[in-house]
Structure formats: C-alpha cells, structure tokens
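So you can see what is in the structure, the chains are spelled out below.
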Amino acid sequence: RKEVEQDPGPFNVPEGATVAFNCTYSNSASQSFFWYRQDCRKEPKLLMSVYSSGNEDGRFTAQLNRASQYISLLIRDSKLSDSATYLCVVNSWGGNTPLVFGKGTRLSVIA
Amino acid sequence: DGGITQSPKYLFRKEGQNVTLSCEQNLNHDAMYWYRQDPGQGLRLIYYSQIVNDFQKGDIAEGYSVSREKKESFPLTVTSAQKNPTAFYLCASRTGENEQFFGPGTRLTVL
Chain A
1 RKEVEQDPGP FNVPEGATVA FNCTYSNSAS QSFFWYRQDC RKEPKLLMSV
51 YSSGNEDGRF TAQLNRASQY ISLLIRDSKL SDSATYLCVV NSWGGNTPLV
101 FGKGTRLSVI A
Chain B
1 DGGITQSPKY LFRKEGQNVT LSCEQNLNHD AMYWYRQDPG QGLRLIYYSQ
51 IVNDFQKGDI AEGYSVSREK KESFPLTVTS AQKNPTAFYL CASRTGENEQ
101 FFGPGTRLTV L
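Line by line, the protein sequences are chains A and B.
Its first residue numbered 1, the first sequence is counted upward by one per residue in the numbering used here.
Its first residue numbered 1, the second sequence is counted upward by one per residue in the numbering used here.
To be clear, the hints were calculated from the coordinates, so they are not data collected in a lab.
Backbone N, C-alpha and C fix where the C-beta goes; we use that ideal spot for every residue, glycine too.
Derived, one-sided and incomplete: chain A residues facing chain B with beta-carbon distance under 8 Å:
hint: 1; residue: 31
hint: 2; residue: 43
hint: 3; residue: 44
hint: 4; residue: 98
hint: 5; residue: 99
hint: 6; residue: 103
hint: 7; residue: 104
Sequences and hints are given; from them, build the entire structure.
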C-alpha cells in the first residue's frame, strides 16, 4: 500500500460546482496533514493545514478521520481560478523527516 | 522578504557536464529538501538535510550530490552519472510540524 494515495483525476467541473477530493494514508502514527495546491509549471503552495476537528477557510473545508486514515478537501462554489493540482501531504514520521506527498488530483473548472 | 530562492530559473546543459543548482533560504528553517518533478508526475525526493553538516539520500539520489555547510544553503549538483536529468527541480525548507515552503524551481534541460 502506498503511503499517501489520491485519485489522480482529472476532475472536470462547471463553475459554481462543489467538488470533493479524498486521500488515504498508511501510517496511523502520522502527526500532521496538509493540502497543497500546485499550478502548472509552478511550485506547490500551502492551501491549508488539516486539523483533527476539521477546519474551514472560505470556500475550502478540510477534514481528517484518524480512525479511517482518511483526509478530505471540499471546494464549494468552484471558480475558474481553482483549476490546479491538489496535493495531499502527510508528515508520516514526525519532526523534520520528509513529508510524504500524494501524486495529486488535477482539477479543471470549466466556464 | 523571507523565502526561498533558487537559481537559475532555466538551465541548459550538455551531456556529460556536471551542473550545480542553487537553493538559499532566509526563513531560519532547520531542514531543507530537494525534489525532482517530471511532466505530469508527482514529486520525488532526491536528498534532504535535517541539520547543518548532515544530509540523507532520498528515493532517487543516484547521480546527484549535495552539501549543507550553512543553514541557509543547500546546493544540488547533478552529475554526468544521472541518466535522465531533464526535469523540474524544487527546493524546500521547513522546521518540524510546520508548513513546508518551496522555492520557485529550476528547469534543467540536457541538450
């Protein structure tokens, strides 16, 4: 089983749609979780950290289910500018050990 | 402005030549990382350093070398032993469970 798994997509959705991305991780001792966004030919940038209680930032909601080792990202009212690849990222081993990156889910929002 | 800089942005190399990619951070982060990304693919870890004067191999270290003589700097040398070096190279830094920041990347093309 891969350490972090994501549906690669692509997800093609109309503007205004709600879209959900899922991610599973294999190490139950993982401590911290993130969603990063990567635009074409650019570096990844942090979209949001994921907290145990779930957290929301505007149109974006992230949730963590430790029992199922599952992380989700919900985007409401999709905008054209949301088109990007979304990376699920896990700090599997703690401290400064390398983060584990999913391969990413590509989203295209269509007018 | 705090951040990570990488230079050059684009680099062209003839087969058989070694090249060094620069990465500098002024975020006072302990750990630094090098990743390679091929078109349409995820990030792959080349080398990482959790502390000055120490570094470890990642998943694809063959044909690459690094040094970490200063906290701020983590240069990557792509040697002639690297069979297929054309790729997008990303440097990142982080401390502990916090957000990982990426530099803007260097696109290396072997002619």
